[in-house]
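S.K.: Listed in order, the protein sequences are those of chains A and B.
Residue 25 in my numbering sits at position 25 of the first sequence, and the numbers go up by one each step.
Converting from the second sequence to my numbering requires adding 111 to each position, the first position being numbered 1.
Calculated from the structure, these hints are not laboratory results.
All figures in this text were calculated on a predicted structure; none of them were measured in a lab.
Careful, some of the hints might be misleading.
Within a straight-line C-alpha distance of at most 20 Å, the following computed PhoX-like cross-link-like pairs (lysine-lysine) qualify [as the list claims (entries may be wrong)]:
hint : chain 1 : residue 1 : chain 2 : residue 2
1    : A       : Lys101    : B       : Lys208
2    : B       : Lys208    : B       : Lys117
3    : A       : Lys6      : B       : Lys113
4    : A       : Lys97     : B       : Lys117
5    : B       : Lys208    : A       : Lys105
6    : B       : Lys208    : A       : Lys97
7    : B       : Lys212    : A       : Lys93
8    : B       : Lys117    : A       : Lys93
9    : A       : Lys66     : A       : Lys6
10   : A       : Lys6      : B       : Lys212
11   : B       : Lys193    : A       : Lys97
12   : A       : Lys29     : A       : Lys14
13   : B       : Lys204    : A       : Lys105
14   : A       : Lys6      : B       : Lys125
2 protein chains.
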Amino acid sequence: MKIGYKVWLDNHGKAFGDGPYELLRRVEKLLSLHQAANQMGMSYSKAWRLIQTLEERLGFALLERKVGGPSGGGSRVTSQGKDLMSRYERFRKDVEKGLLKIYDKHFGPRK
Amino acid sequence: MKIGYKVWLDNHGKAFGDGPYELLRRVEKLLSLHQAANQMGMSYSKAWRLIQTLEERLGFALLERKVGGPSGGGSRVTSQGKDLMSRYERFRKDVEKGLLKIYDKHFGPRK
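Isolated chain A, as found in the complex (with noise of 0.2 Å):
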């Protein structure tokens, strides 16, 4: 047995999360959003949707894009968006430890 769970920054519906995290972090290194959302085997109107809402839901820009120019356009990951990033893997490193550490409290094995 084991502790299953799932967790997610909520403001009036789901705002940021795991998948939305991968998709920023693949972003970043790719500088193309239809490239991180081919990576994940998402198409890229549903990546594009699923940015507008958490855009709504946070109140700020995740991406800048860029369209056009020589290198074809791109997006990039906002400084606000970068800063989500780094407090979202923070806050789940220790929800993590958190919540094992609470499973093990109540139901670990050699108790």
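Knowing the structure of chain A, use the given hints to seat chain B on it.
M.R.: What follows is chain B alone, placed relative to chain A:
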């Protein structure tokens, strides 16, 4: 903004969580899985299958079924089921408290 989460006990699938806890709490009170399911807007057959699945994953019986007799049968929570319920209650409280604290640490509005 706030934290959103779901938590459960897992053993090759969901073995216990808020829904099952609530169902057992009602069985304890009503001494009937039928009535407990009804109160939760769940069909009896769905509740019965749920209990079967949980018992398989937990490895012990949650309900004792009394078939027929003058009172027309009924269900009671086993002592192992009651023990699980009280552990789960304490676990659940610690989870709520722990997660709010972790959320506040990273996303609290007054930091």
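S.K.: All the hints need checking, so say for each whether the structure fits it.
M.R.: Hints versus structure:
1. Annotation: proposed proximity of lysine 101 of chain A to lysine 208 of chain B holds, straight-line Cα distance about 13 Å (limit 20 Å).
2. A distance of roughly 14 Å separates the Cα atoms of lysine 208 of chain B and lysine 117 of chain B; the hinted pair therefore holds under the 20 Å criterion.
3. Taken as a hint, the lysine 6 of chain A and lysine 113 of chain B pair is honoured in the structure, with Cα atoms around 14 Å apart against an allowance of 20 Å.
4. Simply put, lysine 97 of chain A and lysine 117 of chain B have alpha-carbon atoms about 16 Å apart, close enough for the 20 Å limit, and the pair holds.
5. Distance restraint check for lysine 208 of chain B and lysine 105 of chain A: the Cα-Cα separation of roughly 14 Å lies within the 20 Å cut-off, and the hinted pair is therefore satisfied.
6. With a C-alpha separation of about 14 Å, the suggested pair lysine 208 of chain B and lysine 97 of chain A falls inside the 20 Å cut-off, and the hint holds.
7. Taking the CA atoms of lysine 212 of chain B and lysine 93 of chain A, the gap is about 14 Å. The hint holds against a cut of 20 Å.
8. Using a Cα cut-off of 20 Å, the hinted pair lysine 117 of chain B and lysine 93 of chain A holds, with the two alpha carbons roughly 17 Å apart.
9. Of the pairs offered as hints, the one joining lysine 66 of chain A and lysine 6 of chain A is violated, with about 33 Å between alpha carbons and a cut-off of 20 Å exceeded.
10. Note on lysine 6 of chain A and lysine 212 of chain B: the hinted pairing holds, with a Cα-Cα distance of about 17 Å set against a maximum of 20 Å.
11. Between lysine 193 of chain B and lysine 97 of chain A the alpha-carbon distance is near 28 Å, which puts this suggested pair outside the 20 Å criterion.
12. A threshold of 20 Å between alpha carbons decides the hint, and for lysine 29 of chain A with lysine 14 of chain A the separation of about 24 Å lies outside it, so the pair is violated.
13. Only pairs whose Cα atoms come within 20 Å are accepted, and lysine 204 of chain B paired with lysine 105 of chain A is accepted, the gap being roughly 12 Å.
14. Taking the CA atoms of lysine 6 of chain A and lysine 125 of chain B, the gap is about 13 Å. The hint holds against a cut of 20 Å.
The structure does not agree with the numbered hints 9, 11 and 12 stated previously, though it agrees with the rest.
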